[in-house]
Amino acid sequence: MERIFWVECRQCHGKFYCDYTLRHAGLQLICPFCKERFLPDEATSIDERWRS
Amino acid sequence: MKTLRSFLDQLRALGPDELSTIDRPADPANFDVTAILEQLSLEKRYPGLLFCNPKDLHSQPSRFGLATNLFATRARCARALGLPPERDKMELSLAYAELERQTIPAVTIPAAEAPVREVVLTGDQADLAILPIVRHFEMDLGPVLTMATIMQDPDEGFYDLTFIKTFYKDQPRRAGLTIHSPHHLRILKKYEDRGQPAPVVNVLGHHPAFFLGSLALAPWGANDYDVIGAFLREPVRLTASETWGSDFLVPADAEILIEGVIPPGEKEICDPFGEVTRHYQAQGLKQAYDVTAITHRRDAVMQDVFSGHEEHWFLGSIPKEGSMFNSLQRQHGCVEAVHLPNSGAARFTAYISIRKDREGIAKRVATSALLESWQFNWAIVVDEDIDVFDEQEVLWAVYTNVDPSRDVDVLKNQYNIFYSAAGHQKVIIDATRPLDTVFPEKIRVPPAAMQRIKLSDFGL
Chain A
1 MERIFWVECR QCHGKFYCDY TLRHAGLQLI CPFCKERFLP DEATSIDERW
51 RS
Chain B
53 MKTLRSFLDQ LRALGPDELS TIDRPADPAN FDVTAILEQL SLEKRYPGLL
103 FCNPKDLHSQ PSRFGLATNL FATRARCARA LGLPPERDKM ELSLAYAELE
153 RQTIPAVTIP AAEAPVREVV LTGDQADLAI LPIVRHFEMD LGPVLTMATI
203 MQDPDEGFYD LTFIKTFYKD QPRRAGLTIH SPHHLRILKK YEDRGQPAPV
253 VNVLGHHPAF FLGSLALAPW GANDYDVIGA FLREPVRLTA SETWGSDFLV
303 PADAEILIEG VIPPGEKEIC DPFGEVTRHY QAQGLKQAYD VTAITHRRDA
353 VMQDVFSGHE EHWFLGSIPK EGSMFNSLQR QHGCVEAVHL PNSGAARFTA
403 YISIRKDREG IAKRVATSAL LESWQFNWAI VVDEDIDVFD EQEVLWAVYT
453 NVDPSRDVDV LKNQYNIFYS AAGHQKVIID ATRPLDTVFP EKIRVPPAAM
503 QRIKLSDFGL
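Chains as they are written, first to last, in my numbering: chain A, 1 to 52; chain B, 53 to 512.
Next up, chain B with everything else stripped away, as it sits in the complex (with noise of 0.2 Å):
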């Protein structure tokens, strides 16, 4: 059976590049974690972290253990996936793309059963400062759980999972939330329409590839718990929650679980946080939310990740290649392959490389990837000798074989959520080698050369 601890037990067996465990005391709200999470970052070292011993917010050793950066490294999130960890790039993502056209049903055990039950805190015990909550940059609100959450639909009954931001608000059992997911968002307005409290249970520990699942562009309606059975490879196993019994089934293998509800019609201030952009989002009115609830395992380990970073980056772009591949290629019949890159943040920039045969059909193709999310500003289209993933590569074609009066367009009035300078405008760049005109060529080493040397024999 796949859990967290399953996952984390598979990346210790492979030592401290895949996961470092930490026994000295860390105080996640005083930016101890992120300090150190930063430092590796800034030294291109990507373990994941197992803090044993963190403090909770009332800066007492916390009940919980705390684990972050697991998904920082793409090879990693193969790895998850029960791929081949060096198939990290374009494989990684037709592989995600084809995991999500399955379903794997989920199963329901007794709550008794359940380890996710093994302890239940209610009432004046269900208290959100005895978890070791992330305060990640200074300019952060306050700590923040940035784990999955499932909500309901309150007409067909499925579940849907997204990851989104829940504030510490200095109180027991009240916090706040910021969604941003359309499902989540339509759920939550027929609950409001309804003047009824909408159900919302964080999920704070499960293995990488019920996270990796939880991301899948499934359609309206799709029971994300059976969509992430695929991603697993076996059935997710729910169990009956503590504040509505069967009727709001939970994941019983995950680590620690808030329920609670957005009260209709109130709000709390949310924000600042450090976002998947590196800017702060600005302060703003957000959902409130009201803790009934908190289960969790014995000795259980807290997730979290690392925001406006690699792990943040890489579960935007895992999710979104392949199934933008899949798209543009259904419609175009020319792509060679699909990067979201890190240096835009896994949203703002997508690199597509495809193999051209006329003039004009790049921009088409650019147009197109535009419109698979209102989060990209940037589409940029190269030649299929260009390695989408090398980001050196890809910026060579852009100041060599971009003619800005005839290759850059930028299109007006169109959404985004996040903010940029770009704003609500989406720019389209062809730095494919222009067929209409002759054009110098690119340098090489004669294959046959590049063959038959060989670096040992020159004791290199």
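Only chain A is shown next, with the shape it has when bound in the complex (with noise of 0.2 Å):
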């Protein structure tokens, strides 16, 4: 399975799932729920556990 990170939108406190090529790739993560634009480091929590 690829691996996937949540996160927490730092606006609405929605969370939700990314690839995790988006962890550290400088770029701006779009919460679905508010259309927030934020750096993974910014969400107010992130959950990247992965079982390898």
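Read the hints as simulated data drawn from the structure, not as lab findings.
Quick reminder that beta carbons are idealized off the backbone N, C-alpha and C, glycines included.
Everything hinted at is true.
Partial pick of chain A residues on the chain B-facing surface, computed with a CB cut under 8 Å:
(1) Ile4
(2) Phe16
(3) Leu29
To give an idea of the chain A side of the interface with chain B (calculated C-beta under 7 Å), a few residues:
(4) Tyr17
(5) Cys18
(6) Asp19
(7) Ile30
(8) Pro32
Dock chain to chain to rebuild the complex, using the hints, since each chain is given by itself in its own frame.
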């Protein structure tokens, strides 16, 4: 399974997940609930636990 | 001539179980459409739906109608292919595989005679937000177009059609595309290597046989318009596109076409989107798409697929079952039937029944089956007396025949494109009765008694 990580939007606190290639790509994620754009490190929380 | 509207007329004549027309305004971008579809699905009701007054993405009454759920029963898919609706199981899949081997050459007509060129929108008028695009699930990034797209090989000139998703990006003429199809990706790479924009056309409405044909497993180099002709049982009528003229031909009888290009090297954030597996696809960076024109018939109807539900699954299972049966039968000669069940999203799992005459053959068949698609994770093989279209029977065979220490194998480090806990592993389950040991017999009422006794004679 391709690795993913969950983020919590810094504006609306909605949670969604992204392909791990976006984790350190320097690109802003887009919250599907409020359209806020933010870098992964700007998320209210990140869950990147992974069972390899 | 076969068009979306001719098929809707056919369904309408059959009654509301086949086509229900909804006059009340509905807002597809605010989940009105999928909330209706989900409730119907929970009630095991699968009518085609025609929304006559959907809103567009400006929250205004759309100029287009919206048709959905048209592929939601195998019987309706059979009807679309001109087959008896009661022959909706293996016979439908085999008929599909037969059509897949045929072609009917497309014909070209002048743009002035092409229905899809009745209205041509370019420049600022070519605004994606005039469409009643559906937002399907709560975590979806936004409204998504779910129908087929056309690309053309820049060297050989053949046309390739497949289903891909087009993400509305809150801009009139910029969208995102998520391409998974091997042939589309191969064509796109050619354009990218040359630093050229890749033309892509969205087909947002045509006869269902057109779309079923677009999913045929045609070899690289096949002109999909000719393949689709076999499914329509008449030539696909083509016409010049607005953007590229006769250099890129488009289906003349489509309801709506979006013409555009993938600009080389440009990407857009796309997803999440509620996928066929019933999980959301993770957000990622995908191809950008710049719209150059929208053309449509007068009073056009846009089509959508309710992803992660019956119609999405049948669009996968019907095209694959027949070709997989033929391939396995050529190799092994003992295959009775093949089914890709909805419980496996018609992508993960294959149920295969065989006439077993020796130990080990079931696993050989299962191994071959897993090579038929890189989407498969599970291959379950049963005896020929098990109906692979009846999941209860298949699971009964698993729970009663399988010795987990001997009959289950896991193949590791195999590729799969979808997210699931199985990941890049493949699982083989031999659920056939063992022949190398004594084993209990399946119960049955004597056939003679079944023949002799009629329910009606007993007031039942």
